[in-house]
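Undergrad: In case you want the letters, here they are:
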Amino acid sequence: MHRYIGNTDQDRVEMLKEIGVSDIKALFSSVPDSVHLDRKLNLPVALSEMELIKNLKSLSKTNYNTDDYTCFLGAGAYDHFIPSAVGELLSRQEFYTAYTPYQPEISQGTLQVIFEYQSMICELTGMHVANASMYDGATAMTEAAIMAVESTKRKEILVAKAVNPEDRKVLNTYAKFRDIVITEVDYKNGQIDVDDLQSKLNSNVAALIVQSPNFFGIVENIEAFNDLIHNNKSLLIVSADPISLALLKSPGELGADIAVGDGQSLGNPLNYGGPYLGYLAVTEKLMRKMPGRIVGQTTDKDGNRGFVLTLQTREQHIRREKATSNICSNQALNALTATIYLTLLGKEGLNEVAEQCLQKSHYAYNELIKTGKFSEVFSAPFFKEFVLISEQPVSELNNKLLQNNVIGGYDVQKKYTELKNGYLVAVTEKRSKEEIDYLCERVVK
Amino acid sequence: MLKKQPLIFEISKEGRKAYSLPKCDVPKSVNDEIIDKKYQRETALGLPEVSELDAVRHFTQLSQRNHGVDSGFYPLGSCTMKYNPKINEIVSRFDGFTKIHPLQSEETVQGALKVLYDMDEMLSEIVGMDQFSLQPAAGAHGELTGLMIIKAYHENRGDAKRNKIVVPDSAHGTNPASAAVAGFDIVEVKSNEKGLVDLQSLKDAMSDEVAGFMLTNPNTLGLFDENILEISSIVHEAGGLMYYDGANTNAIMGITRPGDMGFDVVHVNLHKTFSTPHGGGGPGSGPVGVKKHLADFLPVPVIVKNENGYKLDNDRPLSIGKVKSFYGNFGVIVRAYTYILSMGPDGLKEVSETAVLNANYIAAKLKDVYHLPLDHSPCMHECVFSGDWQKAENGVSTLDIAKRLLDFGYHPPTIYFPLIVSEALMIEPTECESKETLDEFISVLRQIAEEAKNDPELVKTAPHTTIVSRLDEATAARKPIVKYMR
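From first to last, the protein sequence lines stand for chains F and B.
Going by our numbering, the first residue of the first sequence is number 1, and it counts up by one from there.
Going by our numbering, the first residue of the second sequence is number 446, and it counts up by one from there.
A couple of the hints might just be wrong.
What the hints assert, rightly or not - In silico PhoX-like pairs for lysine-lysine, Cα to Cα no more than 25 Å straight-line:
no., chain 1, residue 1, chain 2, residue 2
1, F, K153, B, K609
2, B, K756, F, K414
3, B, K924, F, K289
4, B, K559, F, K61
5, B, K468, F, K433
6, B, K458, F, K347
7, B, K458, B, K468
8, F, K61, B, K736
9, B, K609, B, K648
10, B, K462, F, K17
11, B, K482, F, K188
12, B, K736, F, K176
13, F, K25, B, K794
14, B, K750, F, K57
15, F, K400, F, K420
16, B, K756, F, K169
17, B, K639, F, K25
18, F, K17, B, K810
19, B, K473, B, K462
20, F, K155, B, K609
Unchecked claim - Pulled a few chain B residues facing chain F out of the computed Cβ check, cut under 8 Å:
no., residue
21, V471
22, V475
23, Y528
24, A583
25, H856
26, E876
27, T882
What the hints contain is simulated information worked out from the structure, not anything from laboratory work.
Quick reminder that beta carbons are idealized off the backbone N, C-alpha and C, glycines included.
For reference, chain B alone in the conformation it holds in the complex (with noise of 0.2 Å):
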């Protein structure tokens, strides 16, 4: 690896290459009389002049400054990084799914129209939900269509003051951040001492103004909140919704549904549950599914059936309009479909029960070297430490921790969430990983808590072995340097 890698314009040089083209075969006209000279560009255009193979040694060099699922255990909590199949990939690439284009007519897209109607059905299946729109292109986008779902369904009935949205202090960010998009106030609910929802306070936040509570279950603390069919009543009697932020569906495939928890509006996340490459940051896909009183709220359009083939329903007065051009990141779908077949459901359920029985594993092999707050029940798909042992014994954070895992090959797990943990430290090692790589890395924690105690030095200025060290991120705010500069 290169210690100093250029940018892709610090080795650029006029008169290089990388594109051939045909030759322009039509008459040419000459451009100033088709388009007047008052509408052309007059500043030349910066980009990279390079050769083919100086390209692709570009993107590899740098391809190889990064850590993928691939390259090792990746155990970011609540992103759920497991192996991504490359059966997926080849069949995500066929050309019968990559080289169609999205206005073409029905009848010629029946294959394509037939994977969003299956993966609607499948996923309902999956989650206990009537109907899916497979639209929204990422988990908070998802959300943001739930919560779109659910104002118009009050709205429609005649009940518009109800402009608040509920949601625990243990929410993922994006939950408060998707409320507030789609026009609601937020109101916060403490945790109880266990870590799950409040329920007096519930009680409390309760009104006819409430339209609906968010909860990941089990939330961001790893845990199933077993009061979840009180906490559903308590809401649906105050007239509001359920909405089942689903970033946590790993745990529970197979074993229960938020259908039948009482929630009325869920959102997966393909890429995590699903196994779609999470892509560097994305493409994700956050497909939204509802109980029959919300379906007539989804976004158009729909996917139906009938007896001449799969058709695009655009005829829904009351959906909620559109969240996306066209149906969604398909190429993500035809991954998940691809996944959901070659596991058939006793994959799934296997994939629930290995993802929490390796969770716990590493919960029950590092407890007594880290601080585990809330062990008073098995955890879920992940498991939460603090590392405030660590930091109050030798003042090592939380951020050192994971800097130190870095040298040891692995990608750190999720630091400083959720937020109601101190120096949170979520660890989520997936199904995929065997009981050798989790060993390897419990014992790796467990040397850095001795390193902490011995040495907290070396702790605290790592990374040691990494491509750069540690960066200065004020700086980079301070005083933002966003793009090349020649």
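This is chain F alone, in the form it adopts within the complex (with noise of 0.2 Å):
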């Protein structure tokens, strides 16, 4: 038997025998022969732990990783400093073992870690409650856009060109299964044209979704056009990269009725792509209509504090074809990154972690402009992401600095064709500035 099955062979004869059949096959009784495969299935032969370790490794390793190659590239996930003791309590087999909280007596761990979290995103985003994840920021987008659908009961959703093209993918993809229709809104030096967005509001709009800082990493002047949206009785979408909201305004405070954003940046590797996490939070008024899992706090018979999922009759599996989001399983185990992250990090770290960002990458800007390679295209304020027009084609530099074990930033051509030679370069808190200076040099060789 292989090494993760209980049972000997002399157990199975006995059980066999117990349930008083003769052998397996008599358990397979109705799955009729025409359906039965009759052969072994086509698939490498088992390895050995010892083997698996050893050939994985060296598939890894044909990876180039952040370690042996400094990484200027963000474009939506990002090269963050991950403290040790995140991944060591994440470890903890009583977290990533378990599943949903259904049992609440045996789960008190992992709701009120979710309480937690949903406390902290409630910090970041100055909302008054968030649920307990959603799959990626792509998806927490998407599913706010459907929110504002049911709830305005209108079909249109404004999207700020702006907003990550990928994400942008996305909510297209579900719109177009709901008939919802989506209209993009223009930019000016890299923040929303809001000539564009007034000329295109009108009764039938469910919501605007924009992104602060956006995908060229400029801070939106949200400000300047939250009363339009509001007077439409249209809804206002913010998405925001959370370490952001160390310093920049809250989607609460800028008036925001939800607030979406991938939680990545918080203390989960950059894996690829995933699994990250997608938060959402919400005005008072939306709660009921948020999809999603919630935990509330209440009291056991007692009296002592306990949590509970809450708030269950929103959710699928009650209420099956009418429901308007099917998310079952979420990103429990990344949102518990999250949170030990930001209790690690804490209000300072997170403060200083958002300061470096800021610092770092306004140096970089500044001094890959005195490199002559590159001129500026926007002026308006950014974050830690920033666009120049590169003198060459992006492909080719980005070539040359791989053979100098550099990771360059994105190319933003590919996305926004008007952006000729568009450079998208993230400088987090992680890059030093040697790093940075010797991306400068090698720009110029």
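Combine the two chains into a complex, taking the hints into account.
TA: So this is what it looks like as structure tokens:
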């Protein structure tokens, strides 16, 4: 028997006898012969633990990792520092081998973690209530759009063109199947074009989605248009990098009805794109329309504080065909990651991370301009990422950098053809002056 | 374990810290000059301030208030709470897998692309499909993706009126919910007296408006639908497609394949069948596989292989688009990849055989004391009891039985699902558990059946030994407290 199987051959014999059948085959008597697989599955033969580690280690080494290469790539996923205690605590089996806390008496750990997570997301975003997590930032934004459509009974969503194109792609997929009209609002100097926004607002608009800092790293001037949105009886959905919220006005302060974003930057490794987590937080008014799980505080029979899954009548397993969201499994372990990360960094630490992102990205911006190889394209304020126009095609530039152990920025032209040779550079707190100077040096050579 | 567990906010003290960062080594600009004051946060950030030890103790103590698979038996039906092998965790944490950016150029992530490509091929072989997308993040997300593919397929044929999805009344709650989110109307068909799809009702539900039929096989009653080929042909003859909810794939590996049963679209749950940890509710992974005629509609990108290695193919005009950022929950996929390579074809077949053996053993040893409503043929990887004998005799409900199990250190089975069995108790032991573990569990359930007769109050007031007793869920929902209030 395989090492992950509990029974011995002798156990099998005894158990079959208790069941009253002669062999294992008899247990599959309801599987018709015509669909029986009459051959072995064509898969590689089983490997021992030693062989597996050796093979997979060498496979993993064929990837260029961000320890060996200095990473200036962002565009939705960021190379932030992760304190050692995060990984250690996540490795507690009681957290990672458990499932959804359906039995609260033996799940107080997970439930309290989610409650603390919800509290921290509310602190960051300035919103009233957060759910227990969504799959990622893109699906959180999409679910926010669906929520807006459902609660306003309107069918059009305006989305700023400077919202991450990857997120807009996901939004477009869902929208197509629900007959939601998606209209893009142009940008001007990297921020939303308020004139274009005004011209596109109409009585069918359920919400505007705006990201700040946006895909170009630029902070949107949301106060310039939040009244426009609300006067139109539309909702304002703000997507934000949670790290930026240590320094920047929160969606709540800006009048958002729904705040969403990707929580990868809160202690989650890059992991080639996942698992990350999406956060979603809303005003009190929208609480009962929110998708996903929510944990609430209560007491037990003896008056002890405890936590339970609550407001479950919103959820798909109760609503079935009346559901407006189908989320069931979420990204709980990544929400735990974010909670541990925010605990370790705390108030001061998160501020310091945000401050260093701000300072280092501005230093890099200025130094890259000084190389003479780039020109400016936007003058609006940015947080940890910025766009410059490169003199040479981005792919050539990045190939050169890669040979010098640098993973260069994102080729903006791939998604915004009007920004020819646009170069999106991300500079987190992890980048040192030396690394930034080296980048600038290599750009020139 | 502490009886009173503070919130992290309650142990916070101004001035404590648990982080260290290098000094900012670039020449500093004045914040207000680079970001106008009007953009800056005005309210203080209420995050906790604790020492590193405070943080470590806090989360360690919280973990101790949880029950995981490593803590003890976890027979939660439909969730396949099997052992999560440690090597999977080690491999998934290799730097070459965790420290790679999703937008790195293809030549720098060939190893990662190979994992995705190989997973597509191996999953295709296991369930008999032609191509997989690994993008969906969970089972329900896979359902939604599969249903979008079905819709896109019909529309591409110019058959736009197919707006109905048929589901049996035994279906997982996510099935109708996913169909609704994909923009379909839902038609429910009743099960027959054997708990299987009622063929006449299915025929009656068919029309030229039906886009597809969603089925779990074995179904949520743990029964394999012996009429599966007839079901497929009824649906196909009406022009519909067959959708396989792969939540129960743990019963059939190496024995039969959805592709051979006539299914056109399949999702599997890597966090169930393929041993990746459930994480307290996620992350999961719900890859979607399709037959050839649907491959063009899969989400982009698809991983392809040519003489220069592996590539991401985004040029697929019929694709439904993207359903998630990047390529899926890659870290979860790496764990499942490791698992399949450690099992091989013989190991996977042993898994399904043993999972089915274990469930039948529990059924056989308990059916004299608990009502086993659908006992006409062997069950598959799970068995569904009803607590209705206990309910009728002494007013002891299935919830009470579940709560009493907590006193013995077990995670209870899934309760009150499937909906078509009253007082349902759905037990899925998985292949990982030994005969000794099952025997112990069986004896405890027999003892509880005795208690229900002789001392019903003991069961009705359970649990008695847990850190908290039954919680007031009604007040929690009526007056929601959903965050810490300073």
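Undergrad: Work down the list of hints and note, for each, if the structure agrees.
TA: Results of checking the hints against the structure:
Distance check on the hinted pair: F/K153 and B/K609 sit about 23 Å apart at the alpha-carbon level, within 25 Å; holds. Only pairs whose Cα atoms come within 25 Å are accepted, and B/K756 paired with F/K414 is accepted, the gap being roughly 17 Å. Between the alpha carbons of B/K924 and F/K289 the distance comes to roughly 16 Å, so the proposed pair stays at or under 25 Å and holds. About 12 Å separates the Cα atoms of B/K559 and F/K61, which keeps this hinted pair within 25 Å; it holds.
Taking the CA atoms of B/K468 and F/K433, the gap is near 11 Å; set against the 25 Å cutoff, the hint holds. Among the hinted pairs, B/K458 with F/K347 is consistent with the structure: their alpha-carbon atoms are about 11 Å apart, no more than 25 Å. A hinted pair counts as satisfied when its Cα atoms are at most 25 Å apart, and B/K458 with B/K468 qualifies at roughly 24 Å. At most 25 Å may separate the alpha-carbon atoms for a hinted pair to count; F/K61 and B/K736 exceed this at roughly 34 Å.
Between the alpha carbons of B/K609 and B/K648 the distance comes to roughly 14 Å, so the proposed pair stays at or under 25 Å and holds. For the proposed pair B/K462 and F/K17, the alpha carbon gap of about 62 Å is over 25 Å, so the pair is violated. For the suggested pair B/K482 and F/K188, the alpha carbons sit about 21 Å apart, so the restraint of at most 25 Å is met. Distance check on the hinted pair: B/K736 and F/K176 sit about 23 Å apart at the alpha-carbon level, within 25 Å; holds.
In summary, the hint linking F/K25 to B/K794 is supported, as the alpha carbons are separated by about 12 Å, within the 25 Å threshold. For a cut-off of 25 Å, the pair hint linking B/K750 to F/K57 stands: about 22 Å separates their Cα positions. Using a Cα cut-off of 25 Å, the hinted pair F/K400 and F/K420 holds, with the two alpha carbons roughly 19 Å apart. For the hint pairing B/K756 with F/K169, the CA-to-CA distance comes to about 20 Å; that is within 25 Å, so the pair holds.
With a C-alpha separation of about 21 Å, the suggested pair B/K639 and F/K25 falls inside the 25 Å cut-off, and the hint holds. The straight-line distance between the Cα atoms of F/K17 and B/K810 is roughly 12 Å, inside the 25 Å bound, and the hint therefore holds. In summary, the hint linking B/K473 to B/K462 is supported, as the alpha carbons are separated by about 24 Å, within the 25 Å threshold. A distance of roughly 22 Å separates the Cα atoms of F/K155 and B/K609; the hinted pair therefore holds under the 25 Å criterion.
Interface restraint check for B/V471: the shortest CB-CB distance to chain F comes to about 4 Å, inside 8 Å, so the restraint holds. Interface hint at B/V475: violated, since its Cβ lies 10 Å from the closest Cβ of chain F, which is beyond the 8 Å cut-off. The interface hint given for B/Y528 is met, as the beta carbon of that residue sits about 6 Å from the closest beta carbon of chain F, less than 8 Å. Given hint, B/A583 at the interface with chain F, holds; its Cβ is 4 Å from that chain's nearest Cβ, closer than 8 Å.
Satisfaction of the interface hint for B/H856 is found here, the shortest Cβ-Cβ separation to chain F being roughly 6 Å, below the 8 Å cut-off. About 5 Å separates the beta-carbon of B/E876 from the nearest beta-carbon of chain F, less than 8 Å, and the hint is met. Interface restraint check for B/T882: the shortest CB-CB distance to chain F comes to about 7 Å, inside 8 Å, so the restraint holds.
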